Amino acid sequence: MIRVNGDPLDWREGLTVQGILEARNYRFPLIIVTVNGQVIAKPDYGTTRVPEGAEVQVLHLISGG
Amino acid sequence: MIQVVFDPSKVMDIDITKRTEYHAELDAARASRKVLKEVAFTPSLPDKGYTNRTLHVDVGSLAVAEKPVTQQMKDIFIGGRGFGLWYLWQAVTPQTRWNDPENEIVISSGPVGGITQYAGTGKSLVVTLSPQTEIPIDSNVGGYFGPLLKFSGFDALELQGKAERDLILFIDGQKGLIRFEELPDAPVDSHVLGEVLTRLYAENEADLVNISVVSTGAAADHSLIGMLNFSWFDKRRGCVRFKQAGRGGIGTVFRDKRLRALVCRGPQVKGDLNHPADFETLAKIGVKYHKEIRENDPHQCMMRRNGTAHIVEIMDAYDLLPVHNFQYGSHPETHKIDSAYWQSRCAQQTVDGCWYGCSMACAKGADGLVLKTGPYQGHMVTVDGPEYENAAGLGSNCGVFDPDDLLELNFYCDTYGICTITWGTVCAFIMECYQRGILNLERTGGLDLSWGNAKADLEMMHQMARGEGFGRIAGLGVKRMKALFIANGWGDPQLINDIGMENKGLEYSQYLSKESLAQQGGYALTNKGPQHDEAWLIFMDMVNKQLPTFEDKAEALYYFPLFRTWFGLNGFCKLPWNDVVPKGNAQQPEPHKIPEHVQNYVDLFSATTGVKIDKEELINQSARVYNFQRVFNIRMGKGLRQHDAAPYRSLGPVTEEEYLSRQERYDGQLRTELSLDPDAMTLQEKMAAHRQWRTGRFEKLMDVVYARRGWTRDGVPTYARLKELGIDFPEVLEVVRPLLGDPA
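Protein chains in written order, with our numbering: chain A, 1 to 65; chain B, 66 to 809.
Take the hints with a grain of salt, since some may be wrong.
If we take Cβ atoms under 10 angstroms as the criterion, some of the chain B residues that face chain A in the derived model are [said to hold, decoys possible]:
1) Ile379
2) Tyr383
3) Phe604
4) Met605
5) Thr614
6) Thr747
7) Gln749
These are computed hints drawn from the structure, not numbers from a lab. The model shown is predicted, which means the values in this text are computed figures rather than measured ones. Beta carbons are placed, not taken as given, at the ideal position from N, Cα and C, and that holds for glycine.
One chain only, chain A, in its complex shape (with noise of 0.2 angstroms):
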């Protein structure tokens, strides 16, 4: 188990942060993605690993309007 945005996500042996995004359905494109803090960069979200009971937030920037 991981816990994204603080709501618990099932983890898996192989999980990235791209595969989180997809589960999450986050698609806005402007977000920022910590893992237990540490900013993953954007070209580095399909092969980051994300070990279990990490704290991910993928904090999406205010847009609208």
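Please build the complex by placing chain B on the supplied structure of chain A, with the hints as guidance.
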């Protein structure tokens, strides 16, 4: 992530220079032209962003007067919306109604407005007493008018009085002339009138770009929801384009004054017309920002390619797209009106902007639309946009997913002078009333206003433009329709009030707020009503979970409305602030505020005006105007807690279908938030529990937000807050004294 890839091969083959032309209308207008009065003035350019004078025009007596801009005006009200509110305050009394001659329309750009070094700097702010809300409304609009007015010599234009016959007010900043004219044979609707007047007042082809026209259309004569079109001449298309001062019925006030149009002919725009205090710094900040746009935008929001419509599919994905009068947040047909479609439909193949130097350039045009209905049936036109709000409001919120229907609705809203956001919410309300039997064929005069019936939607709009039938009722707006339907006994009053999406008399803009308490406040705890330009907090609150406590939400509802107010004091567009972000933003403290861009604004203000400010003073500048506007509302008999009340549809599920569409979420909330067992409850019991919980927390939010803002529990700014801000003028204190008691 959604990252729509642009495929040039999918762009429709449309000639952007082709459209119906209106030569006969131009000839007729020219032939009927009659000058009523001409007044000379001395054109001047700004010094450090200010011309230091404004223009007052009484359209009834045709009197013209110049006023000095005082240091106090600059210190307290800055410009733009601030100047508009200050002048309006002086012009009206608590008894003034929107259609009294003393009501004013004030147009002002702001000190930084008109610079060409940075993106999004060409805005005009328009302020008047709204026919919908009966309090001041402010609207932030692109196009060239505000900057050209300033470069002609005036920081603001006040329009007061009422003319006897339809008037054109022409301000010639090249020759130093103000002229009142009649053009009895001029066309009425903006897409023709703007074209005709631009060509009539330009002295040659090269002069076309120096003309900006402010106008509205036929519907503003017969409704309370009229808007104003602000034009600029698009050289590549060879036609006039428009941006809209949409909200609150400003176009209705304009027509009530018998103004047909304002025309400003400014000097040729150059980069230094504002005569800034520190041109080098402006240029440096601009170069840095333009590079950022060029490098980052293609990988971020693609504003240059898609404009604001890029969030249609985003809102759908996050269950935030208004569908069927804000009942639902997504729809399977959204792909028909998403940004991938608009990429192919907006065939300009290059970036597009509504003011010089804007590298974000998010304006778009859909060319080659052949109209199927109405007085311009068969004409080929260019439609600006659609912006996100238009696609969502005219589209999904009404169940319209045919893009050509959506464009035609957008076109007629624009040319008739109707706010697209307002019309979207008005029509969505009507369609839901039709769905629930509150309206029927007999009550609508034969219009089948079922979801998605664009033909009936258009016919209702044409009726409004003609001042006929049910269209005229639609033009009253949601608040007055609710009262009318209830008075007629057409349905359950509570249901009608719950689903009518208005607050203070203004219709909600196009985002679903019911799952974000902070956004419920962002809409309802506003000065002018539920427009998202004070605070858009849904991602912070609902998705990021950055605002877990009431105090966190209140802090956001303190900072963001003030930060965004500042754009309107200075002539800025909001979009360049946070629709692209700089590299390294993620490493900054509070990255959601885009701190580097906030610093840009601080530096742009200082470099233009020579007045050094910092981020804290930026917020203080806004706070003075924001709190003054709150007191202004109170002066007009509103502006208290009761006026911040929100319709229940904005807070939670009104109907069983709505509840069932999100049953898992709502049942879960009963368990986690209220310690109830939904399995042991009927649907009605669950809905009642939600209503009690949701309305209760909204009330608590009000308490905490008011406290953070320095207001009483009834929403009145305290003496201490007014003094702290330096707006404790005698006339301000006189307004709050009956509510606060005598100062200690």
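Quick rundown of the hints versus the structure:
{"no.": "1", "hint": "Ile379", "in the structure": "holds (5 angstroms)"}
{"no.": "2", "hint": "Tyr383", "in the structure": "holds (7 angstroms)"}
{"no.": "3", "hint": "Phe604", "in the structure": "holds (4 angstroms)"}
{"no.": "4", "hint": "Met605", "in the structure": "holds (6 angstroms)"}
{"no.": "5", "hint": "Thr614", "in the structure": "violated (13 angstroms)"}
{"no.": "6", "hint": "Thr747", "in the structure": "violated (28 angstroms)"}
{"no.": "7", "hint": "Gln749", "in the structure": "violated (29 angstroms)"}
Figure legend: structure checked against the earlier numbered hints; hints not met, in rising order: 5, 6 and 7.
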